[in-house]
Every structure is written in C-alpha cells, then in structure tokens.
Amino acid sequence: MREEKMKKFLSVLAVCAVGSVAVGVGSASAFSLGGYTDGVEFVITGLTLSADTTYAPPDAFVDTVIPGSGETWGIFRVTAVQTGDGSSTPLWVQGQDHEQIYGLVYGLYDWKYAGSSPDVQISQLGGQFDMYISSTPGHAGEYDITQSRTAQDAYPTITDIGTAFLTGSFTPGIVADDYTTTIYQNVTSTTSPANGAGAGYGDLTGGTAFSMFNTDGFTDANGNQRDVHITFNVANSPSDLWDQKITGPIQTNPVPIPSAMLLLGTGLAGLVGLRRKSNT
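Residue numbers for the sequence shown follow our numbering, so the first one is 1 and each next one is one higher.
Honestly, the hints are just simulated from the structure, not real lab data. Careful, some of the hints might be misleading.
As the list claims (entries may be wrong) - The list that follows gives simulated cross-link-like pairs (lysine to any residue, SDA-like), each with its CA atoms no further than 20 Å apart: (1) Lys-112 - Ala-199; (2) Lys-112 - Thr-180; (3) Lys-112 - Asn-186; (4) Lys-112 - Ala-221; (5) Lys-112 - Thr-219; (6) Lys-112 - Thr-171; (7) Lys-112 - Thr-188.
With the sequences and hints as input, model every part of the structure.
This is the structure in structure tokens:
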C-alpha cells in the first residue's frame, strides 16, 4: 500500500514538471509586457491529479507505460509576470486590463521507477500543456477547482475561454541518451509533507502567442534545441480534491535569443522565466 501511494505521488509530481519554457510572443495576442525584452518570470499557482483509469496512454506508449499507472494532469493560473530577478514592479499582474491566464497540463504517464520508498526516482513520458488568456471583465481570476475534465484536454472555466494563448508538448532530453523520458524527478516521503523535485524540456506547438515565445532557447541533454525548460519542487496539495501542489522559483537560462521558463503542475506555485523577442 505504501509503495502504491508513493507511485501515485510520483505520478502527480511529474505533471508539475511542465515547468520551464523557452518561447516568443506574436502580434496576434493582445498580451503585452510594455516593450520589455529582457528575462522575465511567470508566477504560477495550480493543482495536479493522477487519474488511474480515465484515459489510456497513447498507442505508441502502450508497451512501455506501467499498467495502471494512469495519467497525470493538472490546472493552473498565472498571477504575475515579473523581471527575471524579481527586483522591480511586475510587468503584468492578473486582472491587468481584465486579463487572466489559465492553463491545463495533461497526458503524462509513469514508465520507469528506480529506488524504493521512501526515496524514489520516477521517469515519465508524453505530456502536453495548453494556456488560455481571457480579457473578459467577468473573470475574477479564479477557476473552479471542484470541476472535472469534460475531455482529456478540456476543463470548465479554463479551456472554454476560447482560442489557446500557448500550447506545447514535453520532449525527451532531460536525461542524456534517454529518448523516452520527458519528465524526471526525485521524491522522498521521509519528510512531512512529502516533497520532491523534478525537471524536463518541451516545445511550443501553437497559440496566439506562439511567435512571441517560439525561440528554441534551451539545449537539452541530447543536444536538441527546445522552447521550454522545466524545473520544480512539489508538496502535498492543500485540497482534498487534488493530489499535489508545486512551488519553486524558475530562472531563465542566459541564451542569445528569447527564452522563457514555465512552471505548471500539480497544485503548483512557481515562477516561469522568459526572455521576450525584441521587435525590430
């Protein structure tokens, strides 16, 4: 039973790994940082859950995913966007110009474990994330955490906003010479609450802000350029409806092109660092 609980914890943890992204925003979005083009951080809060049987893994992963490992998914919102060192007034805060940014992470599956309780290392594969921005005055900056998904990539009060702001997929490359693992983490249950840390990479695939943040600003362990770099810390969720909460600062990598860091996850609270593309 204890081992099963640890696996569930790890599965949820992996979802949080959606963390760090290297991106670049386009003119199609009304979202603005007031002309600021240096490194920034997105401050994010959210929750994640491990669904044991709701969705089956993609066909390509059927032979590698641990049977019954389920899917890790979660919801989040951005509370502020600030400079990379957090030393100045935020460049954007939720509610500014009636704007709210929400997100959904889904499709992460456990495929390999190492170690044993209380200290376990878990590898996950797959994973996608979608972000939505609303400028409707009626949105008060909260989503309904009591809801359930209506589809794998649909959650009431988030995805029903409309066109996606950013979409992306997690990619292999966090572990050298490993072309399957997209999120890797270490978890311990020796503390109360249990805690852990993890990391991963990803690429942006679309959204109204795609051209603003599509920068290939990170190089993964296999030498591939990625838009997103994920790092995170995790703890137990304060809500009985969700499994985990994530916290932790994420900083931008010093790259010569726009870069960003995005932290999503199981009840996460973290920072996303980005470097915005200059308009020339």
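Quick rundown of the hints versus the structure:
Pair hint Lys-112 plus Ala-199 holds up; C-alpha atoms about 15 Å apart against a cutoff of 20 Å. Distance restraint check for Lys-112 and Thr-180: the Cα-Cα separation of roughly 10 Å lies within the 20 Å cut-off, and the hinted pair is therefore satisfied. Pair hint Lys-112 plus Asn-186 holds up; C-alpha atoms about 12 Å apart against a cutoff of 20 Å. Only pairs whose Cα atoms come within 20 Å are accepted, and Lys-112 paired with Ala-221 is accepted, the gap being roughly 19 Å.
Restraint check for Lys-112 and Thr-219: not satisfied, since their Cα atoms lie roughly 24 Å apart, outside the 20 Å limit. Of the supplied pair hints, the one linking Lys-112 and Thr-171 holds, its CA atoms being roughly 16 Å apart against a limit of 20 Å. At most 20 Å may separate the alpha-carbon atoms for a hinted pair to count; Lys-112 and Thr-188 meet this at roughly 16 Å.
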